[in-house]
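A.B. asks: So the protein sequences, as listed, match chains S and V.
Quick note: the first sequence, position 567, residue 567 per my numbering, numbers continuous.
Quick note: the second sequence, position 615, residue 615 per my numbering, numbers continuous.
Please keep in mind that the hints were generated in silico from the structure rather than gathered at the bench.
The hints are all genuine.
Using 30 Å as the maximum straight-line C-alpha spacing, the simulated DSS-like pairs for lysine-lysine come out as follows:
#1 S:Lys-536 with V:Lys-152
#2 V:Lys-152 with S:Lys-400
#3 V:Lys-379 with S:Lys-152
#4 S:Lys-152 with V:Lys-599
#5 V:Lys-152 with S:Lys-21
#6 V:Lys-199 with S:Lys-599
#7 S:Lys-217 with S:Lys-199
#8 S:Lys-152 with V:Lys-607
#9 V:Lys-434 with V:Lys-501
#10 V:Lys-152 with S:Lys-199
#11 S:Lys-607 with V:Lys-152
#12 S:Lys-192 with V:Lys-607
#13 S:Lys-379 with V:Lys-152
#14 S:Lys-70 with S:Lys-478
#15 S:Lys-274 with V:Lys-152
#16 S:Lys-441 with S:Lys-475
#17 V:Lys-199 with S:Lys-152
#18 S:Lys-199 with V:Lys-199
#19 S:Lys-152 with V:Lys-21
#20 S:Lys-199 with V:Lys-599
#21 S:Lys-607 with V:Lys-192
#22 S:Lys-152 with V:Lys-400
What you are looking at is a predicted structure, and each value in this text was computed from that prediction instead of being measured.
Number of protein chains: 2
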Amino acid sequence: MEKFKVTFYPDNKTIEVEKGKTILSAAISAGAYITSSCGGDGVCGRCKVILKKGQVLSQPTGRISLEERKRGMHLACLATIQSDLEVEVPPESRLDLEKLTQEDLELRLKGLYSESEEVEPATSVLGEEIFVHSPLATKLYLELPSPNLEDKISDLERLYRQIRRIQDIPIMQTGLANIRRLGELLRYSDWKVTVTLGKRNGTTEIVLIEPGDTSQKNFGLAFDIGTTTISGQLVDLNTKKVLGTKATYNKQASFGSDIITRIIYAQEQDGLEKLHHAVIDGMNQMIQELVQEHNIDLNDVNCVLCAGNTTMVHLLLRVEPTYIRREPYVPTANFVPTIRASEAGIKINPRGLLSCVPGVSSYVGGDTAAGVLSSGLYKEEDLSILIDIGTNGEIALGNKDFLIAAAASAGPAFEGSGVSCGMRASKGAIQKVKIAPGDFKVNYNTIGDVKPRGICGSGYIDIVAQMLGAGIIDKSGKIKAGDSRCVRNGESGREFVVAFKEESDATSDIVITETDIENLKRAKAAIYSATSVLTKHMNLDFSNIKKFFIAGGFGTYLDIDNAVAMGLLPDLEKSRFMFIGNSALAGSRQILLSYEAMKTVNEIARKITYFELSVDPGYMDEYMAALFFPHTDLSKFPSVRK
Amino acid sequence: MEKFKVTFYPDNKTIEVEKGKTILSAAISAGAYITSSCGGDGVCGRCKVILKKGQVLSQPTGRISLEERKRGMHLACLATIQSDLEVEVPPESRLDLEKLTQEDLELRLKGLYSESEEVEPATSVLGEEIFVHSPLATKLYLELPSPNLEDKISDLERLYRQIRRIQDIPIMQTGLANIRRLGELLRYSDWKVTVTLGKRNGTTEIVLIEPGDTSQKNFGLAFDIGTTTISGQLVDLNTKKVLGTKATYNKQASFGSDIITRIIYAQEQDGLEKLHHAVIDGMNQMIQELVQEHNIDLNDVNCVLCAGNTTMVHLLLRVEPTYIRREPYVPTANFVPTIRASEAGIKINPRGLLSCVPGVSSYVGGDTAAGVLSSGLYKEEDLSILIDIGTNGEIALGNKDFLIAAAASAGPAFEGSGVSCGMRASKGAIQKVKIAPGDFKVNYNTIGDVKPRGICGSGYIDIVAQMLGAGIIDKSGKIKAGDSRCVRNGESGREFVVAFKEESDATSDIVITETDIENLKRAKAAIYSATSVLTKHMNLDFSNIKKFFIAGGFGTYLDIDNAVAMGLLPDLEKSRFMFIGNSALAGSRQILLSYEAMKTVNEIARKITYFELSVDPGYMDEYMAALFFPHTDLSKFPSVRK
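Build out the structure end to end from the sequences listed, making use of the hints.
C.D. replies: If you want it as structure tokens, here you go:
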């Protein structure tokens, strides 16, 4: 097989590869990291490179403009090598990924990420009351009859007998560590102990035995492990009360903003370890903050329940994610067993449990299953759609009879990441915006009613829709020349000032740039087109869908009108939409609190059919058509047209 | 409460204790170790001390002769303190127990114990065929269909699906370690793997996943963990073939010859650790030798099944045995869960399993349950008795309707320990002996037909019975003056030469001393009286018992006539006795090879009623009456009387 030399600039890395390989695969082999969100499917358009020398064969793509083509730009994933090449990776395509030592990494992570922040979660559409209260870990206070010459069964059998007098547990297990201290513990505590029972893969485990009555202290954590954001809740497992909710960026973002680059990084020397530690580190920090703020002993936290996409769950457990992105795209495990949290490095009670919501496929994970659970979509007579707006947008369609889901790589813009003044939906985030059509006066509202620090997802949706309405941007998202002092040329092109430095808590003006708008446009296009293709695939029309559950880390607020106006959501009566907040986190909490919910989500995960968007011949066209505000085909958006 | 000072010599250790405490308890508190086999019940007579100064109140006991009483001797366990005391611990009562460092211990163990020896086991009375072949660990070779776009279930679910196509397993579990390497392993092995399935507490665990077909290599170990002797067998789990059997002394003997002193030692600083390591060390050494001799990879040994008395199982698992000897005598666990063998320090495949046969009570353990299983006693219509002759003699009586068992502290004499020329039933052991009545000519037979090295249990039984028959000893066991050159005064009193140095492989003449005979007499008295009391307790007579199963580490041979003649076994027709060898080891092997046997032994352990001999008012009298050869009441031994 003929081989060619490919050199990447500015890294100046050269590699010899076989003819016909893509530039992207050569770059990965050479260690010249190029961003890519869609995994080389030619969809995301993020792997643009400039060909300086040599010949390639490039598939046609709408992601390269005529102007860009003139500059020698290609999508690295669609261009196959036909000669020796010299390739320039432009700054926007460069993955800022150095070979880090552990110390470097820690310093960097410390610098990059501050503490996790308290967030106010949106109320779930359905209360948690629908499932019987039977948490992953329960505590039972027992007063054992002390042994005597007539009742001489062993300590362990005595404990089992007393538990079985209260609960019907056919298969009960316990570890050697508990047995080793049992004799002394029972006598020291005068035969009054509290056992923590954990549900573990079809059996019940005595996780912990404590002296005296500690049954009031039984806490757990529900997590949504997102590609960009980790959200966690501390829950009182007895009262079902949520004590606190926090969110933080997933520190794995240091190794690439999307799933695919992380999977690639996991193949590097120590790559998997670093990715694993990054997510665990963030979780442990959040757990530490939550327990401290609520004066809870870490040892009283007995279990953790995680919902995450399939790659996130693999990295959480330090399982190689390699095969997720290799045809035929098979994860190592969708249903992972409940393990001891300490096995994954999570710091709660050392014997506490970790359970993960089962996933469906490589690209539809437990977060989707948890969302389907908490939305209640799976038990409706009518057809519904769940749209979970995140870095990986997931769309689930169905009712009590069938469920189908797809994943769309949207990028992190709606999570306030990868956009110039973005931030999470936390204190100081601009979340509601109105722009007056005449003088472009901006009227905004922040979370916590404090001075603004940045813009969160719902704020961006409002801004784009309002800019569109006020005529500040055109359908393609370009900022028109205007005589307002809010419109100006910034360092990286044209930008619109949402809040000036003087009125804010930020170090500079809070702006939205044309690049930001481009990012938001791609994100909304990915989600809208995925929703549309999935609906068509089932021979349905949006008019057949009775309810749209909109989920995502938007805090408490999302303006449906504006989301429709920018073309993120289809143009239907407002009453069909229901904003349900972080549905994965809500589902995760339901499962944490109810074994019945766990069984239900297992069934849901088994029932969901995965639909691979990239194999649908119409997807690319749909996506391209959606790369306008609100859409190329305005007949789809009659209310906006008016 | 009045307190007194007690000083122990020659240790010169002083302690202040409350009035009315026993000398034994004071000695334990002072760290002046006194031997005691019966745990302070006044039965064994081993805790003799000499009162030098002060007043005690002593219960009457037959274990102190008139002469001894004159010398100021008392049983430390029966003498309560009434004033300041000075107490001399004579050499025979001193427990040779130093505060050992780990290095000391290792040096000492190395010096004391050589390699374990190959032993030829007696054939079990019942073949192993009665239970369905379903070993603790099974191997399944699987050729998985590789995934494709139509069959995309995850690797783990693919594995589960294939296993369930072959076996009906409702609850299947696997550990994170297996999942972490699964993706690569399956692809590396081209989807052809062998899984090791282990039975674990009502569930099935995928213990191990290996590339290719290793299903032919599946080995396990059955152990009988005795107080004095550890016996182990390497078994091919596929063919049920026993590849090798070995025995070694339990290294714990360094810390005391009986259970009680070991339990006391376990309370010392690091005592439990040392006892635990001593037994594990012996087992690991034996395992290492067995796999090397049979060219087996340690990684192909997937499980270990142990039968042992309750204290031995506690020490094996490093569980505090303290409460076994404190009223009301409750062990921490009779039914211990199956764990990973590595958790207990046993070196087989690091993910291999360890299961212990369930025990009945503090003093009747899993060895008895295993013996009841392998003897078949539990399913007979007729009444039978199982007599397991060991350091802890266990007697089980019953049939298919009921089971009752008792334990008698016999000491290690029948295991060839604590007697001057004793050895295990292994190569070079004198196992059969005839002594001509006239010239006292000794005719013996050794295991392996080699030069004698010592005497094993069956040899001692023959020798004592034959000496009695030849008139060399009287009914009390005293060696009569004789003009044979075999009878002489040795260093520690009168002795009889069984084999002279010239004809042996020993460094000096092989003799039996009066002290040895005394030890053997106490051992046989403990076992005979326990058997008798247990039978009477059930309102039965020996004539009601159809079968006597005689078990113990005697190798392949035990002369029933001689055992009756010395008064170890009751005087009945020979046809009622059946020598079944190491019944605990045989049972352990059956359980290793069959899950059905495991379920049966669980039922047996639950069904056995424990009978505490020491609370029976007649036991002491029975014991005292049995301290003659064959018995004080010769009417019980009509055939011997003739």
